[in-house]
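Peer 1: Sequence:
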Amino acid sequence: MNIKIFEVVCCKGGKLENILIRALEELQIKVDFEVINDIQSILNEGILSPPTLKINNKIYISGRLPSVEQVKEAILKAKEEI
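By UniProt numbering, the letter at position 41 of the sequence shown is numbered 41, and the numbering carries on one by one without gaps.
Don't read these hints as lab results, they were simulated from the structure.
For each residue, glycine too, the CB sits at the ideal point set by N, CA and C.
Treat the hints with care, as some may be off.
Unchecked claim - Have a look at the derived ranges for each label pair, beta carbon to beta carbon:
{"id": "1", "residue 1": "Val8", "residue 2": "Ile82", "range": "28 to 36 Å"}
{"id": "2", "residue 1": "Asn18", "residue 2": "Gly63", "range": "17 to 25 Å"}
{"id": "3", "residue 1": "Asp38", "residue 2": "Glu80", "range": "17 to 25 Å"}
{"id": "4", "residue 1": "Val9", "residue 2": "Ile82", "range": "29 to 37 Å"}
{"id": "5", "residue 1": "Glu80", "residue 2": "Ile39", "range": "26 to 34 Å"}
{"id": "6", "residue 1": "Asp32", "residue 2": "Glu81", "range": "18 to 26 Å"}
{"id": "7", "residue 1": "Gly63", "residue 2": "Ile21", "range": "29 to 37 Å"}
As the list claims (entries may be wrong) - DSS-like cross-link-like pairs, simulated, lysine-lysine; straight-line CA separation at most 25 Å:
{"id": "8", "residue 1": "Lys72", "residue 2": "Lys30"}
{"id": "9", "residue 1": "Lys4", "residue 2": "Lys30"}
{"id": "10", "residue 1": "Lys79", "residue 2": "Lys15"}
{"id": "11", "residue 1": "Lys4", "residue 2": "Lys79"}
{"id": "12", "residue 1": "Lys4", "residue 2": "Lys77"}
{"id": "13", "residue 1": "Lys77", "residue 2": "Lys58"}
{"id": "14", "residue 1": "Lys4", "residue 2": "Lys58"}
{"id": "15", "residue 1": "Lys15", "residue 2": "Lys4"}
{"id": "16", "residue 1": "Lys30", "residue 2": "Lys79"}
{"id": "17", "residue 1": "Lys77", "residue 2": "Lys30"}
{"id": "18", "residue 1": "Lys58", "residue 2": "Lys30"}
{"id": "19", "residue 1": "Lys77", "residue 2": "Lys15"}
{"id": "20", "residue 1": "Lys79", "residue 2": "Lys58"}
{"id": "21", "residue 1": "Lys58", "residue 2": "Lys72"}
{"id": "22", "residue 1": "Lys30", "residue 2": "Lys15"}
{"id": "23", "residue 1": "Lys4", "residue 2": "Lys72"}
{"id": "24", "residue 1": "Lys15", "residue 2": "Lys58"}
{"id": "25", "residue 1": "Lys72", "residue 2": "Lys15"}
Sequences are here, hints too, so could you generate the full structure?
Peer 2: Now the structure itself:
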């Protein structure tokens, strides 16, 4: 599973990472993930509305800060699609 978080370090920065960590802990899934917070890198990936959660090259959540439950649902859905 390949997980990337795209977020700008400002008012919402860092929060999606914490939510993802909590979701992974609750699901008892150990996986490395990448945090991308450089605006040019975010734009190069085609992300226009951070924060964004991308799993296996598919965007599951974008433009809003999700709950832990929403992130867990996205992870489980991504696992089913493998």
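Peer 1: So which of the earlier hints does this model not fit?
Peer 2: 3 and 7
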